Each structure stands twice: as structure tokens, then as C-alpha cells.
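Enquirer: Each chain, written out:
There are 2 protein chains.
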Amino acid sequence: MSLMPKITCLDDVRQILGDLPGPDLEAAKAAQDREPQLTKPAGSLGRLEQLAAWLATWQNRYPPRLENPNAHVFAGNHGVVAQGVSAFPAEVTQQMVQNFEHGGAAINQLCEAMGVGLCVESLDLEHPTQDFTQGPAMSDAECAEAIAFGMKVIDAASDVVCLGEMGIGNTTSASAICLALYGGNALHWAGPGTGIDKVGIGRKAEVIGLGVRINKPEIHDGLDVLRCLGGRELAAIAGAVIGARLKKVPVMLDGFVSTAAAAPLASMNKHALDHCKIGHVSQEPGHKLLLEKLGKNALLDQHMRLGEATGAVLAVALLKAAVACHNGMATFAEAGVSGKG
Amino acid sequence: MSLMPKITCLDDVRQILGDLPGPDLEAAKAAQDREPQLTKPAGSLGRLEQLAAWLATWQNRYPPRLENPNAHVFAGNHGVVAQGVSAFPAEVTQQMVQNFEHGGAAINQLCEAMGVGLCVESLDLEHPTQDFTQGPAMSDAECAEAIAFGMKVIDAASDVVCLGEMGIGNTTSASAICLALYGGNALHWAGPGTGIDKVGIGRKAEVIGLGVRINKPEIHDGLDVLRCLGGRELAAIAGAVIGARLKKVPVMLDGFVSTAAAAPLASMNKHALDHCKIGHVSQEPGHKLLLEKLGKNALLDQHMRLGEATGAVLAVALLKAAVACHNGMATFAEAGVSGKG
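So the sequences go chain by chain: Y and X. Mapping to the numbering used here: the first sequence position 84 is 407, numbers consecutive. Mapping to the numbering used here: the second sequence position 317 is 640, numbers consecutive.
FYI, nobody ran anything at the bench for these hints, they're computed from the structure. Mixed in with the good hints, there may be bad ones.
Identical copies look the same in the list; a pair holds intra-copy or inter-copy alike.
Claimed, not checked - Under the rule of at most 25 Å between Cα atoms (straight-line distance), these lysine to any residue pairs were calculated in the SDA-like manner:
id, residue 1, residue 2
1, Lys611, Gln373
2, Lys616, His626
3, Lys663, Asp482
4, Lys663, His626
5, Lys570, Pro364
6, Lys571, Ala480
7, Lys663, Leu448
8, Lys570, Gln417
9, Lys619, Pro608
10, Lys619, Gln606
11, Lys521, Ser661
12, Lys539, Cys332
13, Lys521, Gly345
14, Lys663, Gly523
15, Lys329, Gly659
16, Lys570, Pro515
17, Lys352, Gly369
18, Lys593, His543
19, Lys619, Arg370
20, Lys570, Ile537
Small disclaimer: the values here were computed from a predicted structure and weren't measured.
Make a model of the complete structure from these sequences and hints.
Expert: Quick look at the structure:
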């Protein structure tokens, strides 16, 4: 941890983003060299083969390992909730954090079922960010602090980290980030979130559009987008993505909000998310669109739209399977199985 | 086990298929009633919610349970291998069975990673079925025996059974079954299997077409298709599907061959596969087409095409997740979380 760069302002983050560590090509090659020797038709484990190689590449380690997966759920509150963008009241953020702590939420069950450690991180819930229709959601220092927090909580001993969130109003924030980064029609980025109706989505799209217009003078790069339209939990996710890269920990992003939180980094450095996979594609309609913009495929499509890192943790099953097969299978020579005739 | 109907000929199977037990609608309703109370936006766990209800429905039990999942891999040899339809020699079937027994195959690693029990069942490997381009692959008694075997091995204490296969030449058999059941172009049902090239696939399509033409006079229903064009491991899978239905065990089918083995049952009784899910969609091109014919969606798409029940076992992770969330989550009332505003 002591080796992590100190972050006090967004310019510190800009500097780190300009100089991220690259892939471990030796580990990648070791993984690729082993695959054709294993007792199966070449390529027949499909994405599992690629996941094993990807883990080795970004763990900077061969063979890859999946014994210590962890999930981080960041929680934050949003001033923009005052605009009536959510189906649930703002106090639900805090109530759900308590639910996480008492083990009653979906993410608790999924972490237990998948053998994933769970860390819940509340970010100043009593002080929502500013309503971004009135100006920037966060100051430079606030945003930098949340990013630094996200960087810090990543444990270098994790074999993968799943990043998720809880925050009433944060699909509005995520949609605004996407509109600012990629343009297009605000209605295409707005979705039902926790369950608003068509009229509500129209209202949400207006709020998103207004937020982007109002903050335009302050926005010169992706980190400005994150600061002006994001929230503390989104900034913390962006920080966790950076921290994981520096600590050689691959990242499993969750759904729309988590991916939107990471997207500003990709806009600043096109390789910034190379160590990230997307656990699942959310039913929140903006997610599919965002994945296209990022050139990323999701690992799962189970029609989920819950957040909390649920989709990311579910995808850990694929990583475990990938590593188990890659590391544990016999070779043709070891098993005395005849090769292709 | 003693309550299982005795099978000595295919007419015994026809009789059972005419009178399969239906769903437990009470268990289904109990599952549906609980979902909206759980601390998440309604429907936000997507397919996991449906899987929990489906398990309860076909386990005839509420709440559903996923503590004892088992996989059955049936192995058989095929006379049609003499027609040069496979990239690997026939002895690989036996060699891979040994690999399963020694723990070196992909399915061993996946079962261990997913906590699934593994049973490998060899069906008379020293005596391949007849080459179906010369006449029926099996006699009525042979096919009935393999079906009865598959029925018998299902343990009523299983919470789900994953059904898979190993048999050099068996994608040719699966393709021939599909062509006989659904018609169309033999080339659309033929695929690379373990890895033959385009010319090989053309040859395979000819073999499939010839097999269907030669056996046409003997084919009057789905069980005739299974007998004339299937193999012992395919018949055993069909038997296991029936046995699981009678024993209240939901089924997770694997890829193209396993689904093709079950398809004749659906042609005899359109509800025969209601207790079956498809673990994944295989890269073997016939699988997607077959799923459309059956009106079934696959749970996963990881670009796999290995067989051995690997895709089915991977999908058990989704079932575990579904049951963990359904049974373990707190309700809004229990957690003191505010409902939709």
C-alpha cells in the first residue's frame, strides 16, 4: 500500500492514467502454450481458455490463481435524487448498506454461494453529492478523495476484485456520464433503474440532458465528467479500477453503473480497462450501448439489473472454472489419450 | 428405484412418455409469492428468479434446494466412425473414460470447482453400435436397455442432474437425429465436432443424409429415430431425462449431443422436456438450430463445444446462485428497507 501514489487532486490521477502498467506477455504466452496440450479438442473450452490467459496476464503470474476473489460494494448518495429520478427514496441507500452488513441482500447470498469475500464501503452517505443539475456533483478534492479511497481498499492479495455499487439515483448519474462521454440522445441512455415508468424515464432523460448542459463549461476530459456528473461511489469504483491495475489484480465490473464509473478512464487512456472484464450485461438499456462504445463483451446475460456487484460475483464462477480447467487438466501425454488423427 | 417402471422394449418407453408427471404448481406459486418481498427491485435478479421457481416446480418441493447436484457422463462407441466422420480415432472414447476416472479431464475440474458429483457410465464400449449408414444403429432391445440404464442411474436424492456424453462420432449421430426429426439441409445440422475441416463436414453431411434415407422405412416416431440413428450414450441420456422426471429431479442438459439425445422425447410428448434446462449453447452449429426447434433458450454462451457435461455443470453455478438468493435474502419487512416510493 505504501507504494501507491498519493492522490490529493484530479491532476494526480491524470498523471497515473498516463503511465499505467501493461500486460504480462510472458504469463499470457505460458497460458497459450499449455492450452493445446490439454485433453480436449483445441479451443473447445471457448471463453474459459481466454479467461485463464487473461487472468495470468493481469495477475502477472503463471499459472493463474483464483483462491481469493473479493467483491467491493461502494455506496453513495446523490443530490440529483431531489429531481425525482428514482422509484425508491434516498434513505434506501443507507438501509441497504445495513442489509449488506446483516447479510440479507442478494450480494451476500451470491458472495457466499460463489466463495467471494465481501467488503461494503460507505462514502459519506449523510452528505449527498451536489445536485448536478445545479452545477458539478463534486469538487476536485471531493472526487479525488473518493478515487483515492477506491484505490486504497484494493488488496494486492486478491486474485480478482468484483466492483459494484449501491446508491439511489446512481443510474441517473451513470446515464449522464455516458451522455457526456459519448453524446447521442439522452433518452437512449436513460432507463428504468429501480423501476420508474415511461413518464419517469422521460423526466430522467431531461434531468440527464440538463446536467450535461449545465456542467459543459467545466468538462475538458473524462475525469471532469466523473467529477461533475458522477457520485462518490462511482469515483471510488474508478479509483478501485486504477488501484487494481497498479496492484496486479484483474477486475470484474458489474453492470451499467459500475461500467459507467470506469468509462471515463477509458476515455483518458484507451488501455485503462484492459485488465477489466464485464461480469454481465444489465437489463438497464444503457449498458449494452455503453459496452459497444467500450468495445467490450459481457460474460453473462441473465437479464439481471440489480447492481451491488451481483453480476460480477456471478461471473466469478466462470473464472474459477477457467482456472480449474487450465491448471488441473491432464495433457494428452500425461493421460495417454491419442491426438487428432 | 423399485417403483420405477420396468423397460424391456421401446413400447414400454412409449407408454411412460404418454403419462409423465406434471409440474408442482403449488411450489411454483410459493416461489412466485416470495420474490416481490425480497430486498431488491421487482424482477431485478432476472433469470435467477425464474430458475429458483423452476427448481421448486420440478423438485416438487418448496423451498427449492441445491445441495446435491450430480453430473452423469455417458460414454458410447459408434459404428458410423468407420465412415471417417471424426477428427479423433474411436479408441479415444475409452481413453477419455480413463481420463475421467483418473480426474484429468475438463469435466473433473469443473465438477470440483462447482461442487458437483460426477458419475461416469460406460455403455459397452467394446461393442460399437451398428454403422447407421448400413441400417439401424441399435435393435429395439439394445436401445431399450440403454434407456433403462439411463433411467436407473438417476438418484432421486439429486437436486439437479447434469447430463453429458463422450463418444467419438456422436455429433454425427446427433446431427442425423436432428435431420430425421426436423428435416432441412444435412449441411445445416453437420458441424466440425472435435475439429474436422470443411471437406470433412461435407462428407459428414453426406453420411448423415444417407443414414436418414437408409433408415426411413423403420422410422415412425422419435424413439425409432433414437434407435436407428442414435447411440447407446444418447439413448441413456434420453432414459436419464425420463428417469429424472419420474424421480422429481430437474435436468440440466449440456450441448448439442445431449440436447439431440433428449429431442426425440419432445417429439413424442411436447411436455417431456419441461423439467430440463439447457446449460449452454454449443459452438457446434446444429445446437442453436435445435434449440430453436425445441423452443428452448440456453443459460450460458461461453463459446464452448467440448461435451462431457461441461456446459451443464458450469450452469449449476447459476442454480446455486438462484437458490441462495431466493432462500437466503431478507424481505423488505425483515430488513427494514423502504419499498418503492
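Enquirer: If a hint holds in the structure, say so; if it doesn't, say that too.
Expert: Hint check results:
no.	hint	verdict
1	Lys611 - Gln373	both (22 Å within a copy, 22 Å between copies)
2	Lys616 - His626	both (20 Å within a copy, 23 Å between copies)
3	Lys663 - Asp482	neither (35 Å within a copy, 37 Å between copies)
4	Lys663 - His626	between (39 Å within a copy, 21 Å between copies)
5	Lys570 - Pro364	neither (35 Å within a copy, 35 Å between copies)
6	Lys571 - Ala480	within (9 Å within a copy, 44 Å between copies)
7	Lys663 - Leu448	between (60 Å within a copy, 20 Å between copies)
8	Lys570 - Gln417	neither (30 Å within a copy, 46 Å between copies)
9	Lys619 - Pro608	both (15 Å within a copy, 24 Å between copies)
10	Lys619 - Gln606	both (16 Å within a copy, 20 Å between copies)
11	Lys521 - Ser661	between (60 Å within a copy, 22 Å between copies)
12	Lys539 - Cys332	within (20 Å within a copy, 77 Å between copies)
13	Lys521 - Gly345	neither (44 Å within a copy, 39 Å between copies)
14	Lys663 - Gly523	between (59 Å within a copy, 14 Å between copies)
15	Lys329 - Gly659	neither (55 Å within a copy, 39 Å between copies)
16	Lys570 - Pro515	neither (36 Å within a copy, 42 Å between copies)
17	Lys352 - Gly369	within (17 Å within a copy, 38 Å between copies)
18	Lys593 - His543	within (17 Å within a copy, 60 Å between copies)
19	Lys619 - Arg370	both (14 Å within a copy, 22 Å between copies)
20	Lys570 - Ile537	neither (37 Å within a copy, 64 Å between copies)
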